[in-house]
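Spelled out, the chains give:
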Amino acid sequence: MENLIALLVAAPLLGAAVLLCGGRRLDRVGHWIGTALAAASFVLGLVLFGAMLGYDVEARTMRQHLYTWVPVEGFQGDIAFQLDQLSMTFVLLITGVGTLIHLYSIGYMEHDERRRRFFGYLNLFLAAMLLLVVADNYLLLYFGWEGVGLASYLLIGFWQHKPSAATAAKKAFIVNRVGDIGLSIAIMLMFTTFGTFAFGPVLGAAGDATEGKMTAIGLMLLLAACGKSAQVPLQSWLGDAMEGPTPVSALIHAATMVTAGVYLITRSGAIFNAAPDAQTAVVVVGAVTLLFGAIVGCAKDDIKKALAGSTMSQIGYMILAAGLGPIGYAFAIMHLVTHGFFKAGLFLGAGSVMHGMNDEVDMRKYGGLRKYMPVTFVTFGLGYLAIIGFPGLSGFFSKDKIIEAAFASGGTQGWILGTVTLLGAGITAYYMTRVMILTFFGEKRWQPAPDPDKAASVEPGIEVTPGAVSDHAADASGPHPHESPKSMTIPMIVLAFGSVFAGGFFSIGDRFVNWLEPVTQFEHPHPPISVPVITGMTVVVLLAGVAIAYLQYGRGPVPVVAPRGSLLTRAARRDLLQDDFNHVVLVRGGEHLTRSLVYVDHTLVDGVVNGTAASVGGLSGRLRKLQNGYARSYAVSMFGGTAILIAATLLMRAV
Amino acid sequence: MNPVNYLYLAALLFTIGAAGVLIRRNAIVVFMCVELMLNACNLAFVAFSRMHGNLDGQIIAFFTMVVAAAEVVVGLAIIVSLFRSRHSASVDDASLMKL
Amino acid sequence: MSFPLLTVTAALPAVGAVLTAAVPAGRRTAAKWLALLFSLATLVLAAAVFIRFEPGGDRYQLTESHAWIPDFGVRYELGVDGIAVALIALTALLIPFIILAGWHDADPLETKSSRWRPTQGFFALILMVEAMVVISFEATDVFLFYIFFEAMLIPMYFLIGGFGDRAHAGTDGAAATQRSYAAVKFLLYNLAGGLIMLAAVVGLYVVAGSFSLSEIVEARASGELEMATNTERLLFLGFFFAFAVKAPLWPLHTWLPNAMGEATAPVAVLITAVVDKVGTFAMLRFCLQLFPEASKWATPAIIVLALISIIYGALLAVGQRDIKRLIAYASISHFGFIVLGIFAMTSQGQSGATLYMVNHGISTAALMLVAGFLITRRGSRLIADYGGVQKVAPVLAGTFLVGSLATLSLPGLAPFVSEFLVLVGAFAAYPVAGIVATLGIVLAALYTLVLYQRTMTGPVKAEVRTMPDLKARELVVVAPLIALLLLLGVFPKPLTDVVNPAVQHTMNDVRKTDPTPEIEAEAAK
Amino acid sequence: MSASAVHSLWTTVAAPGAEGGFTAPHIEYAQLSPTLVVVGAAVVGVLLEAFVPRKARYYAQLFLSVVAITAAFAAVVALAAGGYGTTKAQIAAEGAIAVDGPALFLQGTILLASLVAVFTFAERRLDPDAHGNRVDSFAAQAASVPGSESEKAAVKAGFTTTEVFPLMLFAVAGMLVFPAANDLLTLFVALEVFSLPLYLLCAVARRKRLMSQEAAVKYFLLGAFSSAFLLFGIALVYGYAGSVSYARIASVVDGTVKQIDPALADTMGNDALLLIGGAMILMGLLFKVGAVPFHMWTPDVYQGAPTPVTGFMAAATKVAAFGAMLRLLYVVLPGLRWDWRPVMWAIAIVTMLGGAIVAITQTDIKRLLAYSSIAHAGFILAGVIATRPEGISSVLFYLLAYSFVTIGAFAVVTLVRDAGGEATHLSKWAGLGRRSPLVAAVFAVFLLAFAGIPLTSGFAGKFAVFKAAAEGGAGALVVVGVISSAIAAFFYIRVIVLMFFSEPKADGPTVAVPSPLTTAAIGVGVAVTLVLGVAPQYFLDLAGQAGVFVR
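Residue numbers (my numbering), protein chains in the order written: chain A, 1 to 655; chain B, 1001 to 1099; chain C, 2001 to 2525; chain D, 3001 to 3551.
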């Protein structure tokens, strides 16, 4: 049974290889191959899941050792897998959602002549992501970690002809690389501390190491997590990543890859438990991002960017939870899963909307779409209710648990975190309602005629040029919204189910927590105020958020061109100026640095050498003059030379 | 009388000759100065030969004369041909090649 | 006396060079095929060496030893350890691709006088370089090594100065002067290094009275041969200087961008992937073995230089406008990693460094050769002249991307393994150095991806609209390299098995042991 | 260790019997045969000039010279084989001539170089025929004024200056004696014997006569000047030691002299005589080898003289002069080495650096080679300074290697011609590699040998002297040596760049197709260059065995 783990990874990898090397002859069937292999690994996952349920709780971890990857004196990096409950959860999420989104993409990318390659990349992503979660040591995890980075790079930049897309892709990869520094240094630290970097030994011995070392490792891991999961201060790439095709945003930048950070922290729980300071750092990052993302989400008019903001903030919740230690890990993962459902659903909905709207992404140009695309409306709506944590839906259970845990983390910290999470819930309700209203309610703000300055009102910096590659290249006439094909709606419906019921299903008898407990440990949170009170507060807050949003957008007409807005709004539109900061400090600064270095290299480093050469030449030119062609002056030099010779000889004798 | 004085004289003559070589422009004269130096050497040889009471020095003097004579032949040949083609025997005029 | 495999391996390309040069002017294609044939034959021999070599066996194997110049205490001594085996394999492997890639680089533009045979010369020189590189990997006699270390400059010099990009071919005077400047710079830098080393070589003989590596090492180990601290240090510096120029290490690097920029892509590969490796290899074999104490003494300074090279090279790569110069600066950064690994003096570092030499050879070859194909098509080296290539030539773009990813050492591709080992090794010995070096990986991502973005993505430039995709010959060149990158990326064991023992020997020579982890975590498997 | 002990390092006591008192003069003709053959041939050559009809002279002279030199070389080989270089080393001709390893080795080298040089002298295919007569690079009638009627007539009549062959033979004879001279008088005479013909040879160029004559005058005057110094130095040393015999002087210097008469005791006390005299003799030799600051004649003379003569001078003169210098320093003045070593150090350094540096900005190939020869003199001096057997053998080897490269290089120079004769200006050499790759490649080989690139004789020689110097404790000298080699490399490379990487000029020179003679000369040069580069051991052995002076 263990030996199936490798197949889990191999199946999509095979798909990627076939599709990418296969060439045009596969264009016709490529997408089906991709989908089939994704599905295959989902089935494999289910089989393994079944097997795992078969084992008794303590012995559910399955291992498979293929071969030694990097065999060097004292440094043994294995290609070996470990499938425990935590990994299992991810495997199912990844393959499940992944398969759905493959399905969705068949319709969404129908008219793209490079669809085969798209599926190749998707499969590549699945393989890398699965490798990431089933690896049994940090080096192999790093392999997967970078692999998903590559896949995300390829997919964000899939429409390479768009400079914006290419830039976004590059940005995503490089920001992630910054995070990777963290991971690699963490691995080095583990190696120097424990002489190994396999989960078992390292986590086993985490307690014995000095707290300083553990804190260092923890912080480095956190840095890595920040990069992958778009947490402050490395969140800047996620917004731009929306340049990629929507299925990609759904799968990679909402449901799975961005949650890898949470996985990393949860997986390394033992290390963080041994390093309170690192945990605090994690919590802080989570809290900050939670608000940051939410605020950004409120201001964006680009539907995908609004959702991206919300993704950030939701992951903020998870990271925060994970930072709380054993009381939080399970909830973090649980929220992660539910979020996987509803956020994927929301993105697919958004994609479906864009599909019907000529790839228009500016919500201010939507409105009243519920009549035109009912299925999308319903599924999106359910996802909406789930994410704001409407009682009874998935989000409610998972988020509420996190808020409790936050309060329960004790002391002032507890109160602060509790408040932040509450506040976050409110803001979430606000901006999601805004999205909902702007998109599906109100009167339609789009003209069936093609309007010239489509890109005009959109976010500065990102111009969205539809047509060329979009599936609607054919009809240049304005948008005429319509429901999307089955291949797209079915996944949406499935995910909607997930977002409605998953939470409840997990929470009944703490199923999920018990399931994970052997891996992540668990201690019941004891919040200072009783759980019902917290729940009540949550509900109140979210209702408040919804109400405000309704008052703002629901009643009057919405201006097609965004109003100037308050200072905060404008800042939020520009991702709270974080990008501008990067641009000024890093990009500009970097450019100046490199330019000056180029100069230095040319003038100084090279100059020194050329200078010496030149000076020798000059000397030569001067000495040459002595050779003036006059025999008598030659005689003089001889005479002088002899004189010196004699003098020197005598001198030698004298001294 | 002390032979050492002859040595001083020889040194003097030698220096005069050398100075002539350095100062004079006319190739012939320069060459004469060289001859003077050679003769200074002869004087020195003879003087030393006297001091040491062996004949080597005097023999050498004869050799020197022969060599000097040969030098004259060659030298004059060269200088004359130079003169004929340049109509000047100045060593400073002969400075086509420099630097 | 068994079959002199090493001698033959080194001699074969030399013979090939002579024969190729002898091909009459009219028969260009014949010369090309002849050269290719000989390079392949050499590859076979190199494979034989790789197979015949037993990792567990003696340190130096397949040894040959004959008297050569007793007056100078010079013997013709050959022998290979794992490191040499790996590098010989790399060399023999790359040359055929270089020849194939340069198939048309030396076709005379217009029919010159019948005696002028650039094509024959081009391929003959390449083979000559191969011969000299191989034998300098094999030499276990310092003097023998030195001779070929120096001599290989001459053919390289003619390759750089004599043959430019088709775009900037000889007719264009400015480019010609540029080229000869680059060639002269290359030669003078390396010659200067070599002459300094000559002084050290002479000094070594005066001190040790022998040039035989093994003899000296034994004599030192057994204490028969005492070296005064300062003598050893001076000699070490003399040797190291030459190798640092060749490697090249900051601040002696400035010849490399010129040389690689002006030379044709295959020759550029020859420089950075093959010839420069002799420098780093020699650090490992000669500096550390002959002067262990001095090496340890100099380590801090060298580590700093290596770090500067890493960061500085990467930053300058970011700032380049010229594709080939960019790759050149990238190489400088990578050589920084190699030197860092060597002088970290941990087994991870040194194994990593050795792997790095091989992997960097392959990855740079892949990237540079594809870049060369690109440049030949468009006739310009400027990044700004490209854009949107992936739309018109997806395969070219794809291979270029793989090359770039290898250059930024993405896991799954060969360079990752070596780079990570170097980093770990450096970190174990000098944590700060390790951390600083890690910054290099971000910069690497920056310059490679910027290059890819500017040239391959975005709207299609008018000039590239008609650009053909890779031809069969070019695919034959690139595909195997990429396959190799992938293979060594996930399964480097064949290489590490050969390299590890040699590294252990070197570690013993410098009397160094790996730092032990503070907690012996019980292996949970 | 005591001076005499050190002294005995590189000298052996002569075989008994040679040290004669006032017995009847007894000349070992066999041991002197090489010199005698050449001198005899030279005399015959003069007679040939007088009696053989003009048309036949060239062939007669050529034949005579080749036969004579070959015979002399055979004699040298025979002597060496007879052990006169090692065990039977002795002093012949009443103490005038030493027959020992270094002498024979150097004589052999000189003879071989001369043989090759004769070929270049005899080349008559390069210049276009004048009035249907083949012409060589020497004036039709040296005596006639350039451009004058008489010259035109001479050319029309197809005169040629076949005197060059006997002149050269005389020069060779002098050079053979020079390094073998065992007393100062012989040294002086030999010097003059080989200098005077050279002065004349410089003056007889067919083209560029003015420069040729100027070169001759400069060479002659300065040469005479220096020989005057040499002679005065001899006088002083004679005054110091009361004898001109090397052995005697040495023993006096060492203080191991046997019977001391009062006069000697008196002069012996006066070291100034010895030091000044030694310095002046040294100066005379340094002038011949062209060491800074006595080098200034070199560029002008090398440029002005007919190129074959330049090649001959550059090679053979250096060999002879260094041979004499070695003998002087190792046999006569070892007792003084603490006095002369520092001075020679300084001279070696300035010579190496000066030659290399000034060469960088030269624009005429012959001047360039002249300066490079100065730099090489510096390298050889580095070997000379290492007062140990390796020093001697390394210098011998270097001289062997160097002389062939030099003659070959100058022979190539004679091939590159335009309307005005040889095109020696560097700009004319641009793109030669495109025009005639073979010639350019050959010249490149010579240049690389000059630069001391491995696998060429230049490297082996350089390594030998540097090694000797380092072992002799002159490490600093080695460092200066490599630095100046680096500088020197620059201008050799400049020429290569010019030949191969720059575009040929439209009005560029043509490469004349030489007769077998020059071809042979060049071929031998290349062969020796490569052989000594790849497998020098045999010759190193030879030089090693020859590295012992007889005393």
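No lab work stands behind these hints, which were simulated from the structure alone.
We put the beta carbon where it would ideally sit given N, CA and C, even for glycine.
Check the hints yourself; a few may be wrong.
[Unchecked claim] Computed, partial: chain A to chain B, Cβ under 7 Å:
id, residue
1, S566
2, R624
3, N628
4, G629
5, A631
Interface hint for N628 (chain A), Cβ within 7 Å of any Cβ on chain B:
holds, 5 Å
When the least beta-carbon distance from G629 (chain A) to chain B is tested against 7 Å, hint result:
Because about 3 Å separates G629 (chain A) from the closest Cβ in chain B, which is inside the 7 Å limit, the hint holds.
Mind checking the CB of A631 (chain A) against every CB in chain B and telling me if the closest is under 7 Å?
A631 (chain A) check passes; min Cβ-Cβ to chain B is 5 Å, inside 7 Å.
Given S566 (chain A) as an interface hint, is its Cβ closer than 7 Å to any Cβ of chain B?
For S566 (chain A), the interface hint is violated, since the closest Cβ of chain B sits about 81 Å away, which is over 7 Å.
Interface hint for R624 (chain A), Cβ within 7 Å of any Cβ on chain B:
Hint on R624 (chain A): holds, closest Cβ of chain B at ~5 Å, below 7 Å.
Checked against the numbered hints given earlier, this structure breaks only hint 1.
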